[in-house]
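Asks: Using the sequences plus the hints, can you model the full thing?
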Amino acid sequence: MTGLGRLLGVHWRTQWLAITVWVVALGMSMIGTAAGIVSLYDTPEKIHTYAAAVTVGSSLVAINGRVEGIDSLGGIVQDEFGFLAAILMPLLGISLVARTTRREEESGRLESLLAGRVSREVPPVAALVVATAAILATAFTFAVGLALTGIPLSRSILYAASLAALAFVFAAIAVLAGQVTLHARGVYTVGLLALAVAYVLRGVGDVTKTWITWLSPLGWAEKAAPFAAMRWWTLAIPLVVGLALSAAAVAYAARRDLGSSLSRRGGGPARAGAWLQNPVGLAVRIHLPSILGWLAGALILAAMMGALAKQFIDAVLGNPAMGTAIGVTTVSPLDGFVAVIQLYLGIVVMGYAVQSVGILRGEETDGRLEPRLAGRIPRWQWLLAHLAVVLGGLVLIVVAASLTLALTTAWSTGQAARMRVILGSGLAYLPAELVLVGIALALFAVKPRLFPLAWLSYGAIAFIGFLGPALRLARWVLDLSPTTHVGNPPLGTVRMLPLTVMSAIALGLGLLAVVGFSMRRVPQG
Amino acid sequence: MTAAPVIRTHGLTKTFGAVRALDGLDLEVTSGEVHGFLGPNGAGKSTTIRILLGLVRATGGEAELFGADPWRNAAHLHERLAYVAGDVALWPGLTGGQCIDVLGATQGTLNERRRAELVDRFDLDPTKRVRDYSKGNRQKVALIAALAADVELLVLDEPTSGLDPLMEQAFQEVVRERRDQGCTVLLSSHILDEVESLADTVSIIRRGRTVTTGTLAELRRHTRTTVHAVTALDPADLAEAPGVSDFVAERLDGHVDTRFTIDAAHLDEVIGQLHHATIFTLTVAPPSLDDLFLHAYGDAPQPEASILQGSSR
Numbered sequence: 000m001t002g003l004g005r006l007l008g009v010h011w012r013t014q015w016l017a018i019t020v021w022v023v024a025l026g027m028s029m030i031g032t033a034a035g036i037v038s039l040y041d042t043p044e045k046i047h048t049y050a051a052a053v054t055v056g057s058s059l060v061a062i063n064g065r066v067e068g069i070d071s072l073g074g075i076v077q078d079e080f081g082f083l084a085a086i087l088m089p090l091l092g093i094s095l096v097a098r099t100t101r102r103e104e105e106s107g108r109l110e111s112l113l114a115g116r117v118s119r120e121v122p123p124v125a126a127l128v129v130a131t132a133a134i135l136a137t138a139f140t141f142a143v144g145l146a147l148t149g150i151p152l153s154r155s156i157l158y159a160a161s162l163a164a165l166a167f168v169f170a171a172i173a174v175l176a177g178q179v180t181l182h183a184r185g186v187y188t189v190g191l192l193a194l195a196v197a198y199v200l201r202g203v204g205d206v207t208k209t210w211i212t213w214l215s216p217l218g219w220a221e222k223a224a225p226f227a228a229m230r231w232w233t234l235a236i237p238l239v240v241g242l243a244l245s246a247a248a249v250a251y252a253a254r255r256d257l258g259s260s261l262s263r264r265g266g267g268p269a270r271a272g273a274w275l276q277n278p279v280g281l282a283v284r285i286h287l288p289s290i291l292g293w294l295a296g297a298l299i300l301a302a303m304m305g306a307l308a309k310q311f312i313d314a315v316l317g318n319p320a321m322g323t324a325i326g327v328t329t330v331s332p333l334d335g336f337v338a339v340i341q342l343y344l345g346i347v348v349m350g351y352a353v354q355s356v357g358i359l360r361g362e363e364t365d366g367r368l369e370p371r372l373a374g375r376i377p378r379w380q381w382l383l384a385h386l387a388v389v390l391g392g393l394v395l396i397v398v399a400a401s402l403t404l405a406l407t408t409a410w411s412t413g414q415a416a417r418m419r420v421i422l423g424s425g426l427a428y429l430p431a432e433l434v435l436v437g438i439a440l441a442l443f444a445v446k447p448r449l450f451p452l453a454w455l456s457y458g459a460i461a462f463i464g465f466l467g468p469a470l471r472l473a474r475w476v477l478d479l480s481p482t483t484h485v486g487n488p489p490l491g492t493v494r495m496l497p498l499t500v501m502s503a504i505a506l507g508l509g510l511l512a513v514v515g516f517s518m519r520r521v522p523q524g
Numbered sequence: 000m001t002a003a004p005v006i007r008t009h010g011l012t013k014t015f016g017a018v019r020a021l022d023g024l025d026l027e028v029t030s031g032e033v034h035g036f037l038g039p040n041g042a043g044k045s046t047t048i049r050i051l052l053g054l055v056r057a058t059g060g061e062a063e064l065f066g067a068d069p070w071r072n073a074a075h076l077h078e079r080l081a082y083v084a085g086d087v088a089l090w091p092g093l094t095g096g097q098c099i100d101v102l103g104a105t106q107g108t109l110n111e112r113r114r115a116e117l118v119d120r121f122d123l124d125p126t127k128r129v130r131d132y133s134k135g136n137r138q139k140v141a142l143i144a145a146l147a148a149d150v151e152l153l154v155l156d157e158p159t160s161g162l163d164p165l166m167e168q169a170f171q172e173v174v175r176e177r178r179d180q181g182c183t184v185l186l187s188s189h190i191l192d193e194v195e196s197l198a199d200t201v202s203i204i205r206r207g208r209t210v211t212t213g214t215l216a217e218l219r220r221h222t223r224t225t226v227h228a229v230t231a232l233d234p235a236d237l238a239e240a241p242g243v244s245d246f247v248a249e250r251l252d253g254h255v256d257t258r259f260t261i262d263a264a265h266l267d268e269v270i271g272q273l274h275h276a277t278i279f280t281l282t283v284a285p286p287s288l289d290d291l292f293l294h295a296y297g298d299a300p301q302p303e304a305s306i307l308q309g310s311s312r
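Chains A and B, in that order, are what the protein sequence lines are. Going by numbering that gives the first Met the number 0, the first sequence opens with residue 0, and the numbers climb by one from there. Going by numbering that gives the first Met the number 0, the second sequence opens with residue 0, and the numbers climb by one from there.
No wet-lab data here; the hints were simulated from the structure. Here the structure is a predicted model, which is why all the values come from computation and not from measurement. Some clues are possibly wrong.
[What the hints assert, rightly or not] Not everything, but these chain B residues come out facing chain A in the computed CB check (under 8 Å):
1) Leu-54
2) Val-55
3) Arg-56
4) Gly-60
5) Arg-71
6) Asn-72
7) Ala-74
8) His-77
9) Tyr-82
10) Asp-86
11) Ala-88
12) Thr-94
13) Gly-96
14) Asp-100
15) Leu-102
16) Arg-128
Here a beta-carbon is modelled for each residue, glycine too, at the ideal position from N, C-alpha and C.
Replies: Dropping the structure here:
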């Protein structure tokens with residue numbers, strides 16, 4: 000284990016920001032969820048209504064899990080946080096390990112370290128130590144936060160520990176994947192595939208109430224039952240499995256060649272077709288993985304929410320306070336529900352918008368823009384080719400997600416009449432989404448080093464959209480976000496003037512981008 | 000040569016904030032020549048090239064590419080050239096062959112026959128993903144795309160870093176062939192052997208200024224030859240002979256041991272004088288290009304260099 004300390008020092012210096020962001024973001028969302036629930040369900044009756052609502056039918060059980068002790072505040076937290084935790088905790092483990100193993104090897108930085116006083120089996124160990132430290136810090140925040148909101152300390156600790164153990168298993172899966180796949184992408188692929196399998200197994204097991212749940216790491220966390228039976232011993236399963244996987248990774252690392260892997264991808268075509276040689280074709284190729292990823296995310300969100308529409312509406316009718324908290328009234332709960340989901344989808348689409356314009360910035364900083372512009376493609380043509388693909392992806396995501404939401408809502412509530420309205424309300428968000436595309440594009444085209452401001456704008460819009468009504472922010476603050484001006488369809492009325500103004504602003508920003516891009520220096524690091 | 004210059008800059012300046020990257024740079028590349036573009040790191044080579052490609056706008060001075068403004072007519076002018084950047088970056092998900100075609104479509108027209116021949120000569124597996132290529136192989140992809148293009152001008156920014164000697168040789172052969180076919184080449188390089196064997200003319204820049212420019216023959220002619228002679232008699236008046244400097248003579252074992260440097264124009268005359276003193280041994284070392292480059296790179300430019308700058312205009 001020569002050089003473990005040295006490698007840990009390197010990891011800390013390069014990863015401290017990512018670790019801090021993960022721990023703070025996870026901790027905040029958990030504490031926020033818990034605090035919201037405590038203030039919302041302040042009487043045993045309300046808790047009981049909630050428990051009754053979420054245990055009806057099997058959709059919610061499949062999505063959030065079958066929570067034991069749902070009739071308690073902690074149970075509600077576990078249920079509400081269930082879906083987020085099932086995705087984010089494994090992702091925490093996977094991403095930190097991918098960043099510290101294969102990515103380092105792929106970039107060639109590991110070579111310099113292994114040429115020094117660091118022995119071969121140390122990198123997977125160091126990656127696991129770093130990930131485990133981040134996981135423990137997250138779990139500590141969870142336990143303290145839950146205890147502070149009034150949930151019994153021992154139960155808070157078991158719940159936090161079960162989530163930590165969940166993240167640990169996936170960190171260990173990633174450690175092994177980091178040794179057997181050739182690229183950092185492979186680590187993510189293996190990790191997310193394992194997560195998908197675990198999610199399905201847990202869902203099937205929970206819905207059928209069978210032992211299948213016990214096959215899934217997500218099931219192990221759930222069966223710890225922190226707000227009911229408190230099975231501490233279940234923590235041993237992920238711990239043992241994780242350590243076994245890590246031991247295999249270390250054993251393999253000690254005997255394999257640097258830069259080698261078990262799985263190796265084959266070659267590809269020796270020639271590029273006319274499509275790829277076309278600026279738009281290459282742009283499609285560059286943006287496609289990101290478009291498909293966001294599309295999948297938006298469709299899953301839309302389908303899940305649509306499938307839950309009926310239970311959601313029943314829950315609001317049973318507990319008006321819960322509806323008020325998220326902005327849904329009992330007058331027309333279906334429209335209110337759709338309005339909330341469309342706002343959320345709009346914010347997801349805006350995330351796509353900023354990220355996809357960020358791909359253009361990536362082309363520049365990675366050095367691929369320079370040879371393109373040194374060719375016969377005029378700058379405006381390159382920019383518009385990419386913009387066309389970005390916008391095509393955006394419209395595709397909006398339309399597909401709205402259609403999915405319309406279909407699943409109709410299936411869930413049995414009311415097919417609202418389908419056209421649901422689709423229309425999704426399209427009403429387009430001008431607001433285009434404004435953010437314009438902001439991001441103008442920043443990239445005129446002052447590329449200020450591109451992070453696009454993410455800052457997105458953060459502000461998401462904050463105002465998610466929490467603005469609940470926090471009762473001042474009118475002028477709400478008005479800063481383009482989503483405010485859409486008019487909250489289909490619950491509120493959409494007026495043409497704001498949509499036209501936003502479209503004009505987006506167009507103006509687009510023109511500014513085309514002009515600015517033709518005048519600036521390329522590349523700017 | 001009387002042909003119109005393909006590239007011409009005069010008094011070119013570029014500032015990035017407080018940093019002065021180019022400080023009155025002069026460069027002239029004539030049609031059909033391989034022009035070596037040399038200078039230490041940070042001298043402004045890549046900035047000059049980017050200005051010529053219309054990627055960066057000059058702060059002052061003149062720059063012409065094919066007689067036109069490289070900033071305003073960028074995309075149109077680029078049909079006539081191909082460029083290999085110093086740091087080759089490709090699309091990781093594509094194969095090498097796909098990248099050649101994409102870059103080929105970006106530049107002028109790709110010559111299919113030459114493309115196939117170059118893939119063969121550079122020994123490249125075009126079905127491999129870029130992600131799996133070594134640095135040298137990525138370099139080959141960019142070189143093949145540029146060298147296979149039917150263009151009038153090749154702009155190569157340190158194109159052979161990462162190539163093995165065999166590939167370096169193949170590269171030099173192909174560049175010579177392209178030159179013989181009438182292609183002009185601007186070759187920025189650190190590899191002096193490569194420049195010496197390829198370049199017809201060179202420009203050496205330092206701190207954003209041109210230090211030396213001219214044909215290699217001119218450079219040689221204006222550089223001093225080192226002479227070491229052992230003679231029976233004392234070549235007495237040699238110290239004052241025209242063109243001679245650094246003169247040192249001493250008497251050893253009854254012979255006269257003389258060392259001096261001489262410019263090319265007076266070499267024949269001086270050898271005649273040595274002949275009269277009865278030569279035992281004679282060593283005449285021709286000017287080394289390395290010496291010239293290293294002196295021009297260094298802080299104190301040689302007096303010869305400034306003479307040369309004046310005479311080659």
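Asks: Next step is simple, just say for each hint if it's right about the structure.
Replies: Taking the hints in turn, this is what the structure says about them:
no., hint, verdict
1, Leu-54, "5 Å, holds"
2, Val-55, "5 Å, holds"
3, Arg-56, "7 Å, holds"
4, Gly-60, "16 Å, violated"
5, Arg-71, "10 Å, violated"
6, Asn-72, "10 Å, violated"
7, Ala-74, "4 Å, holds"
8, His-77, "5 Å, holds"
9, Tyr-82, "4 Å, holds"
10, Asp-86, "5 Å, holds"
11, Ala-88, "3 Å, holds"
12, Thr-94, "4 Å, holds"
13, Gly-96, "4 Å, holds"
14, Asp-100, "4 Å, holds"
15, Leu-102, "6 Å, holds"
16, Arg-128, "6 Å, holds"
Of the hints listed earlier, those the structure fails to meet are numbers 4, 5 and 6, in rising order.
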